[in-house]
Structure formats: C-alpha cells, structure tokens
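Trainee: Chain by chain, the residues run as shown.
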Amino acid sequence: MAATEQTGSRSSTERTGPGRLLYDATVRAIFLQALTAALVVGLFAWLIYNTMVNLQERNLSAGFGFLDVSAGFGISFTLIPYEEGDTYLRVFFVGIANTLLVAAVSIALATIIGLFVGLARLSDNWIVAKLSRAYIELLRNTPLLLQIIAWFFGVFNLLPRPRDSVVMAEAFVLNNRGFYMPAPVPELGFGYVMAAFVVALLGAIALYRWEDARRDRTGKSFPAISTGLAMIVLVPLVVHLALGRPLSWDPPVLQGFNFVGGVSVPPAFCALIVALSAYTSAFIAEIVRSGIQSVSKGQLEAAGALNLPPTWTLRRVILPQALRVIIPPLISQYLNITKNSSLAIAIGFPDLVSVWMNTSLNQSGRAIPIVAMTMAFYCLVSLTVSLVMNSYNRRVQIKER
Amino acid sequence: MALVFESKPDRPPPRDETGLAVWVRRNLFRDVPNALMTLLGFYIAYVVVAAVLDWAIFNAVWEADTRRECLDAVGRSGACWPGVVEWLPNLVYGLYPKDAVWRINLGFLALVLWLIPLWMPRVKSKVAVGLTAVTLYPFLASYFFLGGDKGIVWSALISLGLSGLVWVWATTISERVTGQSIAELLGKTLAGGDNDVLQRRAVRGAGLVLFLAAYGLVSTWSLAEVRTQFWGGLFLTLVISGIGITFSLPAGILLALGRRSNLPVIAVLSTLFIELFRSVPLITILFMFNTMLPLFMPEGMEVNQLARAIVAVCLFAAAYMAEVIRGGLQAIPKGQYEAAASLGLGYWQTTTQVVLPQALKIMIPTIVGNFIGLFKDTTLVSIIGLFDLMNMARAVGEDTDWLGLFIEPFFVVSLTYFVFCFAMSSYSIRLEEKLSAGRER
Amino acid sequence: MSRVEGARKAIEIVKLNKWFGQFHVLKDIDLTVREREIYVICGPSGSGKSTLIRCINQLEHHQEGDILVDGVLVEKGGKNQETIRRTTGMVFQQFNLFPHLTVLENCTLTPTLGLGMPRAEAEELAMFHLKRVGIEDQALKYPLQLSGGQQQRVAIARSLCTRPKIMLFDEPTSALDPEMIKEVLDVMVELADSGMTMICVTHEMGFARQVADKILFMDQGEIVESGPPGEFFLNPRYDRTEQFLSHIL
Numbered sequence: 049m050a051a052t053e054q055t056g057s058r059s060s061t062e063r064t065g066p067g068r069l070l071y072d073a074t075v076r077a078i079f080l081q082a083l084t085a086a087l088v089v090g091l092f093a094w095l096i097y098n099t100m101v102n103l104q105e106r107n108l109s110a111g112f113g114f115l116d117v118s119a120g121f122g123i124s125f126t127l128i129p130y131e132e133g134d135t136y137l138r139v140f141f142v143g144i145a146n147t148l149l150v151a152a153v154s155i156a157l158a159t160i161i162g163l164f165v166g167l168a169r170l171s172d173n174w175i176v177a178k179l180s181r182a183y184i185e186l187l188r189n190t191p192l193l194l195q196i197i198a199w200f201f202g203v204f205n206l207l208p209r210p211r212d213s214v215v216m217a218e219a220f221v222l223n224n225r226g227f228y229m230p231a232p233v234p235e236l237g238f239g240y241v242m243a244a245f246v247v248a249l250l251g252a253i254a255l256y257r258w259e260d261a262r263r264d265r266t267g268k269s270f271p272a273i274s275t276g277l278a279m280i281v282l283v284p285l286v287v288h289l290a291l292g293r294p295l296s297w298d299p300p301v302l303q304g305f306n307f308v309g310g311v312s313v314p315p316a317f318c319a320l321i322v323a324l325s326a327y328t329s330a331f332i333a334e335i336v337r338s339g340i341q342s343v344s345k346g347q348l349e350a351a352g353a354l355n356l357p358p359t360w361t362l363r364r365v366i367l368p369q370a371l372r373v374i375i376p377p378l379i380s381q382y383l384n385i386t387k388n389s390s391l392a393i394a395i396g397f398p399d400l401v402s403v404w405m406n407t408s409l410n411q412s413g414r415a416i417p418i419v420a421m422t423m424a425f426y427c428l429v430s431l432t433v434s435l436v437m438n439s440y441n442r443r444v445q446i447k448e449r
Numbered sequence: 496m497a498l499v500f501e502s503k504p505d506r507p508p509p510r511d512e513t514g515l516a517v518w519v520r521r522n523l524f525r526d527v528p529n530a531l532m533t534l535l536g537f538y539i540a541y542v543v544v545a546a547v548l549d550w551a552i553f554n555a556v557w558e559a560d561t562r563r564e565c566l567d568a569v570g571r572s573g574a575c576w577p578g579v580v581e582w583l584p585n586l587v588y589g590l591y592p593k594d595a596v597w598r599i600n601l602g603f604l605a606l607v608l609w610l611i612p613l614w615m616p617r618v619k620s621k622v623a624v625g626l627t628a629v630t631l632y633p634f635l636a637s638y639f640f641l642g643g644d645k646g647i648v649w650s651a652l653i654s655l656g657l658s659g660l661v662w663v664w665a666t667t668i669s670e671r672v673t674g675q676s677i678a679e680l681l682g683k684t685l686a687g688g689d690n691d692v693l694q695r696r697a698v699r700g701a702g703l704v705l706f707l708a709a710y711g712l713v714s715t716w717s718l719a720e721v722r723t724q725f726w727g728g729l730f731l732t733l734v735i736s737g738i739g740i741t742f743s744l745p746a747g748i749l750l751a752l753g754r755r756s757n758l759p760v761i762a763v764l765s766t767l768f769i770e771l772f773r774s775v776p777l778i779t780i781l782f783m784f785n786t787m788l789p790l791f792m793p794e795g796m797e798v799n800q801l802a803r804a805i806v807a808v809c810l811f812a813a814a815y816m817a818e819v820i821r822g823g824l825q826a827i828p829k830g831q832y833e834a835a836a837s838l839g840l841g842y843w844q845t846t847t848q849v850v851l852p853q854a855l856k857i858m859i860p861t862i863v864g865n866f867i868g869l870f871k872d873t874t875l876v877s878i879i880g881l882f883d884l885m886n887m888a889r890a891v892g893e894d895t896d897w898l899g900l901f902i903e904p905f906f907v908v909s910l911t912y913f914v915f916c917f918a919m920s921s922y923s924i925r926l927e928e929k930l931s932a933g934r935e936r
Numbered sequence: 094m095s096r097v098e099g100a101r102k103a104i105e106i107v108k109l110n111k112w113f114g115q116f117h118v119l120k121d122i123d124l125t126v127r128e129r130e131i132y133v134i135c136g137p138s139g140s141g142k143s144t145l146i147r148c149i150n151q152l153e154h155h156q157e158g159d160i161l162v163d164g165v166l167v168e169k170g171g172k173n174q175e176t177i178r179r180t181t182g183m184v185f186q187q188f189n190l191f192p193h194l195t196v197l198e199n200c201t202l203t204p205t206l207g208l209g210m211p212r213a214e215a216e217e218l219a220m221f222h223l224k225r226v227g228i229e230d231q232a233l234k235y236p237l238q239l240s241g242g243q244q245q246r247v248a249i250a251r252s253l254c255t256r257p258k259i260m261l262f263d264e265p266t267s268a269l270d271p272e273m274i275k276e277v278l279d280v281m282v283e284l285a286d287s288g289m290t291m292i293c294v295t296h297e298m299g300f301a302r303q304v305a306d307k308i309l310f311m312d313q314g315e316i317v318e319s320g321p322p323g324e325f326f327l328n329p330r331y332d333r334t335e336q337f338l339s340h341i342l
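Chains A, B and C are the protein sequences, given in the same order. Whatever position you read off the first sequence (first residue = 1), add 48 for my numbering. Whatever position you read off the second sequence (first residue = 1), add 495 for my numbering. Whatever position you read off the third sequence (first residue = 1), add 93 for my numbering.
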C-alpha cells in the first residue's frame, strides 16, 4: 500500500516551477482540443476554398436549384410513376423507392432462408447440419458484388429468349428480359374479401387475447394460434368463393417478341434480390444459431425438470431469451441489406446510387448537392434504425442489480 | 482397521451404444422424418457435387482457341477453361508489363520473407518484426511495384525498407542460434564486456553501416515506372486490401480512443466521423472520392484514381475498425483502469500498456472478421473502373475470342476469394478457441 | 431402526450403469429411498453423484439397470420422462432461474401452463411457497436483482410449486458465498422436517448430521459406503471415506 501511495504522490499535478502549466491536465486538455478543432476547421476551410475555386473554374454552382429542372433521361424500372420529362427531384424519389423495394423484398427472403438454414445448422441430423454449414461458409466467404454479378451474367442474362421462356404453372415466366407473374385484377366486390381478411385478422388477435385471459381465469388452454391462422385463411376464402371470385388474374402472354400483361421485373432486379437475400441469409443463419445457442443448457434443464410442456418451453423460455440476442444483429443485417442494395449499380438496376449519384450526377454535374442528398438519405435510414434498436434494447434489457 | 476401497474395473458400454452403426442410427436415421431428411440431404449433396464435377472436370474443354469451339464441342454442359488459362496472367497481374511481372513476385516474396519469422518458434522479437513489416515493408514494395524516378527521400525510405528486411532475418537467425537478439549479439562482440554505452554505440554504428550499404545498393537500382493504370487483377486486390488493413488498425484505434475520450471536441469529431462513414454504403464513399476529390484539391493537383479508391477504402475501414476496437475497450473491466491509476500511470501509459493490449486480444476474432469484410469489399473498386480481380474476371467475357465466357472466370475468382477468406476465418476461429481456453483457466 | 420403517419406496434403483461415450460414470448402483427419507450424497468431484440424481429425473438417460420413481419404472431413452418429472422437483447448483421473468412468473410458469391452474390460484400457491422460503416481498423483482442465496430460495420455491413428492438437490450451496449458505440450508431443513423425501448432493456435513437419514459416499462411479450419519462420521468403514472426510471436515 505504502508503495502505491508513494508512486501516486509523484503524479504530474504536484510539480512546481515553470513546467507546471505544461503538465496541468486541464490546460493540456484545452490545448489538445483547440489544436484538433483548429486542424479540422483548417482542413475544411482549405477544402471548401479549393472547391469554390474549382466550381467557379468549371462554371458550376453548388445550389439545389437544379432539382426543379427536367432530368430528361429514362429509367428502366420504376416503382413510382416516372416519365422522361420529370424533374431531378422526382428521379431522387424514384431511386429511393427502388432502393427500398429491393431492400424490403431481400429482407423478407433473407429472413426466411436465414431462419431455416440457422435451424438446420443446429439439427441433430449430421448431413443436414453439414449442408447448411457448407451453404453458410460458401456464401459468407465470397464477395457480395461477385455474387450479384455472377447471378446476373451467369444466370439471369443467360436465360432463354422470350420465345423459349421457362414457364411455370402457365403463370410465372422467366426469360432473359426478366421475371413475369400474373397481376391481380380486383373486381367489384373484392373490397368485401379484403374486409373479411381484416375482420378475420382482428378476430384472430381477439381470439388470442381471449384465450390468454381465459387460461388465466380457468387454467384451461385452447389452440388459439392454429385456430386463428385457420380463420385468417378460411374466412376471406369463403367470402371470396361466395361472391363468385371477384379477383381475376392478368397473366403474362407472349405477344410478338415479348411478354405483355402481368407484373414484370427486369433480370437485374432478380439477380440483385437472389444474391442479396442468399448472401445475407448466411449471416442471418449464423445470428439465429448463436442466438439459440446463447440460451444456456441450464435453462432448458430447468424447464425440463419443472415439466414445462415443450411448446411453452419454446414460447416462454427459449424464444424470449434467444430473440433478445438475435434481434439487434438481425436489424443491423437489415441495415446492411439496404446499404448493399447500392451494388445494384454494377448490373444496371436503377437504385438510388445508380440513378442519382451516377446518372444524375454525370448529367447535371452538381456533385456536391447530389452527394449530400444521397448521404443524407442513408444517414437518415441508419439513424432511424439505431433509434429503433436503442429503444428495443432498453425495453428487453434483463434487469440486474 | 479401515477396509481398502477398490473400484470396480470400467466396463465398455453395451454394444448397441457405440460403433459406426449406432452413430449412423443416432445422427442420420433416428426416426422416419429424420431418415427422409437424411436421404434428401445426401441427394442434394450428390446432385450439387456431381453437377459441379461434371461441369468443371468431366465435361470440360481444355483446349480451344475461342469460346465458339468450346460451345461446338460440349455446348454449355462443360466448362471452357482455355479462356481462363489464356487470361490467367491478367487475372493475377492485371495489365502489368509482362517483362516486369518479376517485380510483383519479388515484392510479395519480400513480404513472405518478412512474415515467416512470425511463425517460427524461439523468435522473441515477433512484435518488432510485425511492426517493421507494417511500417517499413510498404516503402520497399512501393518501389518494386511502382518504379520510376526515386529522388533522395524516397531512396532513403526504400533503403530503410531494405535494411528492415536484413535486420529481420539477422535477428531471426541470431535468436534461433544464440538466443540473443542481433543487437545484443553485435553489441557484445563489437564492444565486448558489459559497457552499455559502448554497446549501444556499436549497435547504432552497425545500423548506420547497414543503412548506408542499403542506400548504396538501392541507388544502383533503376526500375522503369509502371503507372497504376496498368495495375490490376489479384495484385491490385491485394495492394488495396493490404493498405486498407494496415491503415485501418492504427486509425481505428485512434478513432476509438477519440470517441471514448473525456475531451468533448475530440469525442464529438470522432463520433461524427465514425457514424457518417458507417451509415453510408462504401460505394457512395468511393463515388464521392472519385468525383469530389478533384474538386477538393487545389488547381493542378492530380490525384490518380487508384489513390482516390485507396483513400476511400482506408477511411471506410478505419470507421468500422474503430467500432470493433471500441467494443474491446468497453469489455475491459473498470478495475483495470483503477489498478493502472493506483500505479500512477498516466492516460497514454494506461492505454498503451494496460488497456489496448487486452482489448485487441479479446477482439482478435472480430478484427480478423473485419479484415475479411474489407478484403471482400475491395471488389467495389471495380465499379469506379479499376480492374481488380473481379473486374478482370468480367473482362474475360468481353474479350472477342471468349465473348460471353462469364461463369468460368467467376468460378475461379470465387474459389480464390473463398480460399483466402475461409483460411482467415478458420484461423481466427482457432485463435478464438485458444484465447477462450486461456480465459477459462 | 429407521424412522421410516415400512414406508413405501419412493425411489428404487437396481444395478444402474451409465456411460458418457466410452467413459463408465456409474457402476452397478443400487439404492432404495423410502418416502420421507432424507439422503445426502457426497464424494469427490467426478465421482458421478450429480449424474446419479440427474438419472432419476431423466436429465440424463442411463443404459443399464432399472430406476423406479414412485413405483413407476423409468423407460430407457426418456420415453416417460414427463410422468417421472411430475413427481420430482430439482434444484440446481447454478439456480437456473429464468432471468427474463419475475420471481412470481418463474413460480407460476409450470402451474399455469403445465398443470392447467388458473392464474389466481397459481399465484396464491407461489406466494405460499415464496413465504415459506422467506422472500414473498421480492416476488415482483427479477432474479438477477436478488442475491445468490435469495435466488436459490426462489428456485426451491419454484420447484415446490409443481407439487413434487421427491426433491432432488444438486449441490445447491456450492455456488454461494459462505454467508448465504445458511439461509438456503435453513429452508432445506424446514423442508426435511415437513416430511419431504429428499436426495441432496452436498458437502454440507453439518446439514447432513442434522437431518440426513443416510449418507452415501461415492467415488469413481460407485457407492463406496452408506449409513446413518452417526456411524458414517464416527466409524467410516473404508480408507477412501476416511480420507475424504478428513479433507472436508
């Protein structure tokens, strides 16, 4: 103890004499911060000065005025309506919509595949576990961009011409122009079917709550989940049939050299979706696996020793604890999908980066506002996601001393 | 007198509890659904493996001059390897002049030589060897790869790199043979006895002689300049990821310390930098540097495209690395800081000698994971027009002789990436197991 | 003789053998525990004592021999483990409370979802047992907000809420700080006095002396010797037992 105190008393703050100021922690802190701030401000000032000079040189302005100007180029695939004469601002939103579409579809697919593969990885069955391990390792250890390009050039671009299309169930068509599926055409009375669906959904939720309350009251249980699911499917179906099927389908039909009708997406979209969801599913599978493995063996043994029925062990012991571990990295994978969808540019799918940061930037030359707007979009998405995640983490945090 | 307890001899488990048959029954055919899954699993594995082998080997064409010939011979049922073979030099070295390719090989040979001692037992100066590989090797390699007019400063740096390599092997041999570092050995033999001052002077003198000799040697070298436009293939991929990896670790450490700093200005700036670079896709950063760096620079100052890409990759990697390291720093228990403070250590002493070594050690697996991510991410430079390994593979299918030959080069390139990444990740898993075993004890 | 002479057999184990892979953990174990009897099992680590009681409620499956729990033969491979576990309760060394549920929810989980008890009744039962172990005022806290001793008492209450006939204790005090051991042992003594059939793997010899009907000493997968505490402590028959006792007493 004495030795420590002795060393402690030699600390710098107790020095005297002219050197004292230099060693004073507060003075040093202020000095260091002022220096850093000055350096950063100086760097930015220099960059801004150079940029101003360069912009003047090239007769460019840094303002946002160009947003109202007609962009004058076409976009091969748009989720929201767009025509060649529309403004740059419209192009920005078209890009955002396409990016979000790719992200949403890939997130859904990646989650389903990832959950499946992650559970398979934990299977007692040797070959099932090994196959899912191989799937995960192969996809995780090759670059995503390579996968996207390989799917595009190696698969979707090599599909047969429209005349020799791959047709599934006479409704789904795959060829080198893209993927076609029937478009739903609602007719008079379809609103009732939708209403029935909503009613069934609400009914199922009510049933679930009622079951919970009844079990609390009487101790008797009732298969509310399966009944509810059956309701959600059957009720709209019955209404649909009773009203004489007020929904028809507009299938894609070969006309001349191409298919018309139905809904279609270009090959680049298919390649992007397949590659993004396959790649991310490998990461999600590992997240699911480690989440489930994070529930300690002791928890399962305790549930077993208490004779808690297996379905309830899953619903009340394993899932709540596993999800706590799974959800934060899962959400950050969703964010990664959104960011990675920007690789669309490599195969010419018009996402935000492709139509905005590339085509619009090259056409208008307004590098600064365009880069700033793109970055702002991605920052906004990240910020939203991290806010959601923080509130989730706060909510599920295990209470400790 | 107490009885002596003699335990019964162990019996082997009942026959139906062990052996291959039992293993198969337990792990493959426990019940009917399980058996069906097993059959399906083996079927899938068989189909995939058979299809790949048929395509890549049994049906493949090994000799042809154009893709047409391949298609005429086997259609699409087999791979057309001659195209890949013809392009192999480009896939590895890019458009680097054929007669100068030896410089790339020599550069990587130097790296291998530099790193070998790290895996050798009885070498004590591993940290110093590693540090010199990171700090001095790049000077040596830069000249091999780039060549051209050296100038005095660059010559000195190259000589420093060369002396570093000589020192690495001198000290390795000395430590393996005598158990002493080369400095100790030289000091003792040149100055004799145990006069510390004289010994130190002798070592410094020897170092100077080494440097001057290296400088003399380097000044006789004159390699023709190979401009970065001609760099490509695996070579370019390794250069970009190598620089990114080397830069990201120290920069990430500084940013992570900055973010955790008590000084508000530094904490805010670090946080802003990290969050900005982490929330946007790498491709937007590459685009930004590609289009905006020329605007940012004073007139007449040209930054070549490779440099722009490298700057973007480095900053991006640093931001990600910072978060990894911050995770490691957060895992260090408060007691460690308190113990360091009670010993009277200041901020930098505490950080460099107590906290960082522990934080880096526990984060090694994640750091390696980040390196793998960075290595894969370098493919993105192809989008701004650099011909890295992947872009070079795509170029094969655009060659008139091999028009449409995409799958084969992509297959080879994927395999290359897989081997690199899988090796790194297996290594980090082994390391993780070793480290966690150490923690449990 | 024994205070439970002629009572029904709660647990009967005949020629039990168990292997972990090639390793022979339990060798020819014979054991009969009658209702209301208190058994204490001690022995060095790795002697198979935990495995033995885990075989009783089928957390481990044995390969040879028979186990009867409350008159029911345990089927190999855990086929009737639900029936067996209905009569047994277990307390673990590491408590194994569910950290995301409150103390009360931990206790009502099986009564409501497994035994079909209305929530009000389950909560009443839980509060009764929580009161019994002396932590009814912590019912709405989460397990990790409690001390180790309190957590273990919750675990005992949670197990009692499933109304077991036989309680198995797997080193219940080994993970506790010394000052918390007593509060857990007090609860166990109270439980023993109330007539519960108990098998306790523990090294708390004071507890054994106070309540045990019989003490079992195990080594290398075998029961070396067993006997009432007086005899066991004063005149161990085997050298191995003597040696072990000299280490822990």
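Calculated from the structure, these hints are not laboratory results. What you are looking at is a predicted structure, and each value in this text was computed from that prediction instead of being measured. By construction, the Cβ of each residue, glycine as well, lies at the ideal position given by its N, Cα and C atoms. Some hints could be false.
Claimed, not checked - Using 30 Å as the maximum straight-line C-alpha spacing, the simulated BS3-like pairs for lysine-lysine come out as follows:
no., chain 1, residue 1, chain 2, residue 2
1, A, 268, C, 307
2, A, 178, C, 234
3, B, 619, B, 929
4, B, 683, B, 621
5, C, 234, B, 503
6, C, 234, B, 829
7, C, 234, A, 345
8, A, 447, B, 619
As the list claims (entries may be wrong) - Examples of chain C residues toward chain A, derived with CB under 8 Å:
no., residue
9, 97
10, 100
11, 138
12, 152
13, 153
14, 178
15, 187
16, 189
17, 191
18, 205
19, 209
20, 212
21, 231
22, 233
23, 255
24, 298
Trainee: Now tell me if each hint is right for this structure.
Mentor: Verification of the supplied hints:
no.: 1; hint: A/268 with C/307; verdict: violated, 42 Å
no.: 2; hint: A/178 with C/234; verdict: violated, 43 Å
no.: 3; hint: B/619 with B/929; verdict: holds, 20 Å
no.: 4; hint: B/683 with B/621; verdict: holds, 22 Å
no.: 5; hint: C/234 with B/503; verdict: violated, 50 Å
no.: 6; hint: C/234 with B/829; verdict: holds, 27 Å
no.: 7; hint: C/234 with A/345; verdict: holds, 23 Å
no.: 8; hint: A/447 with B/619; verdict: violated, 47 Å
no.: 9; hint: 97; verdict: violated, 25 Å
no.: 10; hint: 100; verdict: violated, 25 Å
no.: 11; hint: 138; verdict: violated, 18 Å
no.: 12; hint: 152; verdict: holds, 5 Å
no.: 13; hint: 153; verdict: violated, 10 Å
no.: 14; hint: 178; verdict: holds, 4 Å
no.: 15; hint: 187; verdict: holds, 5 Å
no.: 16; hint: 189; verdict: holds, 4 Å
no.: 17; hint: 191; verdict: holds, 6 Å
no.: 18; hint: 205; verdict: holds, 7 Å
no.: 19; hint: 209; verdict: holds, 4 Å
no.: 20; hint: 212; verdict: holds, 4 Å
no.: 21; hint: 231; verdict: violated, 12 Å
no.: 22; hint: 233; verdict: violated, 11 Å
no.: 23; hint: 255; verdict: holds, 6 Å
no.: 24; hint: 298; verdict: violated, 26 Å
Violation of the numbered hints given earlier is confined to hints 1, 2, 5, 8, 9, 10, 11, 13, 21, 22, 24; the remaining hints are satisfied by the structure.
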